[in-house]
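Engineer: Residue strings, one per chain:
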Amino acid sequence: MNQIALDIRSLAKQFGAKIAVNNVSLQVPAGSFYGLVGPNGAGKTTMLSMATGLLRPDAGQAVVNGVDIWADPHAAKSTLGVLADGVRQFDRLTGRQLVTYSGLLRGMDRAEVAQRTEDLLRVMDLLDDGDKLVVDYSAGMTKKITLATAMIHSPKLLVLDEPFEAVDPVSAANIRDILNNYVEFGGTVIVSSHVMDLVQRMCTHVAVISDGVLKAQGTVDDVRGGMSLEDRFVDLVGGRSNNEGLSWLRTS
Amino acid sequence: MVAHVLSLKLRLLANGFKRSVGQLIGVIIGGLYALGMITMLTLAVWFAADEIPFQGEIFTLIGSAVVLGWAIIPPLLTGVDLTLEPSRFVQFGIPEKTLGPALVLAGFISIPAVLTVVGLLGASLMWRSDAGALMLGLLAAVATAVMAILLCQYLVIMATALRAKRRFRELTFALLFLLLVGLGPIMASVFSAAESMGDWIHPLSTVLGYTPLGAFAAVPGAYASALYGQMAIHLALGAAYLGGLYFLLARATAKAAITPPPQQRAATAKGLGFFKLLPATPTGAVAARALTYWFKDPRYAVGVLIVPVLPLLFWFTGSQSGNYTMMYLMGPLIGILLGFSISADISYDNTAFALHALTGISGRADRAGRVLSCFLIAIIPVLAAAILPGLIAGELWRIPGDLGLSLAALFVALGVSSVSSARYTYAVPLPGDNPMKTPPGSGMRMALTQLGIMLTMGLLLIPVLIPYTIGWFQHSQVLGFITLGAGLVLGTGLVLGGIALGGKWYEKRTPELMQSVMLNK
Chain A
1 MNQIALDIRS LAKQFGAKIA VNNVSLQVPA GSFYGLVGPN GAGKTTMLSM ATGLLRPDAG
61 QAVVNGVDIW ADPHAAKSTL GVLADGVRQF DRLTGRQLVT YSGLLRGMDR AEVAQRTEDL
121 LRVMDLLDDG DKLVVDYSAG MTKKITLATA MIHSPKLLVL DEPFEAVDPV SAANIRDILN
181 NYVEFGGTVI VSSHVMDLVQ RMCTHVAVIS DGVLKAQGTV DDVRGGMSLE DRFVDLVGGR
241 SNNEGLSWLR TS
Chain B
1 MVAHVLSLKL RLLANGFKRS VGQLIGVIIG GLYALGMITM LTLAVWFAAD EIPFQGEIFT
61 LIGSAVVLGW AIIPPLLTGV DLTLEPSRFV QFGIPEKTLG PALVLAGFIS IPAVLTVVGL
121 LGASLMWRSD AGALMLGLLA AVATAVMAIL LCQYLVIMAT ALRAKRRFRE LTFALLFLLL
181 VGLGPIMASV FSAAESMGDW IHPLSTVLGY TPLGAFAAVP GAYASALYGQ MAIHLALGAA
241 YLGGLYFLLA RATAKAAITP PPQQRAATAK GLGFFKLLPA TPTGAVAARA LTYWFKDPRY
301 AVGVLIVPVL PLLFWFTGSQ SGNYTMMYLM GPLIGILLGF SISADISYDN TAFALHALTG
361 ISGRADRAGR VLSCFLIAII PVLAAAILPG LIAGELWRIP GDLGLSLAAL FVALGVSSVS
421 SARYTYAVPL PGDNPMKTPP GSGMRMALTQ LGIMLTMGLL LIPVLIPYTI GWFQHSQVLG
481 FITLGAGLVL GTGLVLGGIA LGGKWYEKRT PELMQSVMLN K
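Protein sequence lines correspond, in order, to chains A and B. Numbering-wise (the UniProt record's numbering), the first sequence opens with residue 1 and increments by one. Numbering-wise (the UniProt record's numbering), the second sequence opens with residue 1 and increments by one.
Looking at chain B on its own, in the form it has when it is part of the complex (with noise of 0.2 Å):
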């Protein structure tokens, strides 16, 4: 049975590569760039091992981060491989003590799960000049690696039992993100308060030794300081971490093979909403339909998220150095991200696209709709951004400035996306799935029509850029004015063309459209 399960998940491995060329490339590109790193460090490991300073503290830190990282990236922000959910078991009726260890064992077949083994044995060959240490070393890290991966998996259990819950899943990405996005600050002001490494690396990772984060991994470093009592009591948390982990996870597993998928309680909403409040055309239709979406669907509101996030990561680092310039860019920066997330507006709709299809509705009222929708939430914090930091810091003379760059940068970002939203599809989480899981192997595409948007924002921002940057530098009110001026004419230009060659573009490959979104590529 166990075997079974364990091909199975093989055959699942080997033929979602045989679906497209593309795929396999991409992986194989990101693996063979994730091997070369693991390479890389194993050699600098290997060659510096007897330079290392604190050898038993960082291994413990690495230890710990592999596993942190486990629990943390796949089940709330990737999500994982779920061909092999439990659930998936349901019909079957395989007994609970065979599938339990089945599926545990299934979650170590994945690149990501092999790379990581590979990883913590490079890092462990640090002990090189001690054998005894060497070996334990290599233990640790093969041990360190079921525990991340075990951990992982019993998260990813918890987090879609509870995720079942659509509102639960919503709140859950916002504060997630949130804290993420926060985290790098709030480490850097940590690690910048000690004032050498010594001072808090040895507490650290004295504290992380007693966790089930990094319990395996302070072992040979106890070794190697001799110090066999601590390092038995590591090994024994460690064994008891991850026995009570398996069983936990093993219970877990079988539980949730048997148990069908709760039942959600229907969402509603009174009347028309949106569709009343905006003009009766298609145009406006879309609109409608594209703002319910933006409050309605988390694929569209980690992109508003970015609204309180940046004044805030802004702020946060103009504290640490004094200086607030950095908040004079949250305008332009706010208004090219959102008006960036309308260009994989078509990919977003998916098949539901087939409605827009079917109706026949024009190229030009359909990207007028998005644009409309996407202006309609973005003007007021772009706005804001604009002018509240230079009225807060007194210095009013730079707000036509400000606003001209910033508003050209939401026409521009609209205008640009109008257009390649009606030609580049690439895949996107499909509707109703975590916002931020990628389809595998799908990231060179996505990457590489992302930066050719942004590069033409860029260039296309160029002439109000220049009188900004001038405007800027001799504190002009005057070149403000300008910028606001060409700002103004050249956003509305971009706007009106794009929507227009979009609207074209559109016309033409409707069916087209059509096919990319149901292959979601």
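Isolated chain A (complex conformation) (with noise of 0.2 Å):
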């Protein structure tokens, strides 16, 4: 078993005049609750594409579970399930069917992708709605169905950017259990978020990342030494205006 499940090794990349991502390196151990925080626009989202497959790194390596994402896109991706944030999914099919798309593109067989996909809909609550065409679902329901598809070939790493964005309180915290049960079972989830109040509650480790630059890593306790972690993000990040802010945004 390798101690990390996801190393990554100085990945950079650049949009134009723009360094979106700047030489991160960061290694996931195994087993932990990873979350990823930094401001909008930090380059989060594009660190995650390529340390998933998605967007082709400038330079550097991304290691899932001891195998080089770029060296060996099939055998790495076997082991890796992925929230993308931003992307659509395949909407004209019920959530039913793209699960189950999602389990027979990985090539597993039938009977195993059938009785998945409907423990997946169970536990995301959607057991009702399988037989609806997702382009119908909302932006919850949607979260979840591509949860689901991330989750049906059992990966060893679930990489997920921005899970709770749009999900309303009882379905996030039946996917928080979910994902504790996950790690408790050996598994390693990472994701990404603006909640710092959610990340310390429910992560291990945590990175912060600001203008493409790593701020720190390690343990959430480490990182946030002593302070919330919601002060320590600001703190190390900065941005914080200090002017008297509107005047004029008086109701009386």
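Heads up, some of the hints might be wrong.
On the chain B side, residues computed to face chain A include the following (Cβ under 8 Å) [to be verified]: (1) Ala280; (2) Pro431; (3) Glu512.
Bear in mind the hints are in silico, worked out from the structure with no lab data behind them. Virtual Cβ for every residue (Gly too), placed ideally from N, Cα, C.
Once you've looked at the hints, go ahead and assemble the two chains, each given alone in its own frame, into the complex.
Structural biologist: Now the structure itself:
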């Protein structure tokens, strides 16, 4: 068993004049619940896209469970489940068809796919909506069905970009339970989020990215060093404006 | 307020061009082309002004055609630039009385609208020998353009409201497409029925002059013929139509701007559908997914529509000329066109393609699945189109040849599309968009890609075309069988080769494909 589930080695990406990810290296220990936090536009999605094979890096490597995803994509992707942010789904399929599709694409056999699809629909609380077209799902339901497509092959590593965005609190709590359970049984989860509070409560480890640069990484307790994660984050990232605010924004 | 909305529209137009140089170049080339055409026509009108027969009638017809074009093409086919869709202003709480007119005026800020005004002004130069008629002609040109654009906006709002229902949307497309394809032959037969231009131009323009289409355009003609009473009627009708239309439009716009988008009833599908019928392998899954899309996604439905339309069209043309030879080309044409329709498959997936990229499916399985689905859709129409014409005409000798060329055409198209869609993506209507809508300025790249693909298919078909053509002229069944054999061997080889090569390119370029579908280019 690899001690490092995801080893990101000096990944870099530049779009035109903008350096989106600047030589980031970080290690996600196997069995950890890893939070990736950073302000909007910090390069989280770009980095995760490079680590999951959706975007070719300018430089660097991403090693998934001991396999370099850019050297042997097929082997690396078979142990990896991804919830990408801002991509569509094949939304003219029903929820059940979409999850089935994801399983069959990975070469799993029919009986196993059918069994796991029903299990996933059940824990995602989507059994009643399994025959609806995904295009008619709400944003939160779409997140959940996408998460199901990422989990059907029981990956060792789950990479989730903004999994709780637009998800209602009850579903979010259910998803958290599923993920906690998954980590308990040896899986590794990486989530990116803006919600510091959530990351502090949920994650064992955290990395802070800002402007494409890694500001801190380690266990949550190490990184926050006695402060709340939110205060520590603002410290690291900076940018809290200290002016008077909007003097005219008064109701009276 | 009105000025704000107008400047917003101008800014949006300018920013749209800034976004990509290629798009700007496309728009400039298109604009120059249109301007060039208009200049040529205007010059022709200027110099031939005194020799044009039926001036009044022709001007009425031109005006009516422009209004009709605006009424049909944007709302139903191309869609319009909806960046200033009334429903986007739902949150702003702008008074209806201001927003309605502002949005109506903003509709005039677009390249087609400017071109329409310029073109109609050019056409009105046909009255240059009569100062009074010329003045009226210029005014009529502007009024006709205003009518066209108002009508278009009104119909767009109506169509948008109706189209919110997905089923309705899909159905209208099917019907409209059929109607439009059929329109040409129907018009041709109507016109050829009338012996000469004089027979139909007068009654037609007279009728049009009383409709919203040609009321204004009929004014200068009536003046030039000194029919002042008639002129007054046209003028009054035009003003009434325009006023009524403006009232309706302003009300509809204001209403659309405060009506939240309607809720849709969710569509369902029982069970697993095609996923249950096809093998439980990656290839089978891709084929099942693609088949589901062939039936559920209107962008694919447009491709399938040629199957019923082409025979109708060919039969109609044949019945006009009494020569049904064209029917024999149906098989190869349907084969090529259906096979060609998967050449933009990855572009159609848009970012849903991420699922393929993330699961690490092999390129070969991806290609083969898409080919399989298209093959299953196409094989029965192609076989029917290849066998039936010969059978019905009683020329059994030619069936093997027709079959050979048709199957070869389908297979070659599938093979070439498999390779090209792994490499050449282009901007297509997004999932759920109007399938006829083309992203502005993408025309050049798309046309070049499609031309390249079509040429390649033609070249690869030559070995089958040679025995086919000779066999046709010699009425030789032996050569027909040779065509069939050559078609099957070449076709199968090309499909397998296409899947292998396309699969290799696909695997090498998966992340690049992903990036290009994210930008839809």
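Engineer: Against each hint, give a clear statement of whether it holds in the structure.
Structural biologist: Evaluated hints:
no.	hint	in the structure
1	Ala280	holds, 4 Å
2	Pro431	holds, 6 Å
3	Glu512	holds, 7 Å
Against the hints set out earlier in the document, no violation occurs for any number.
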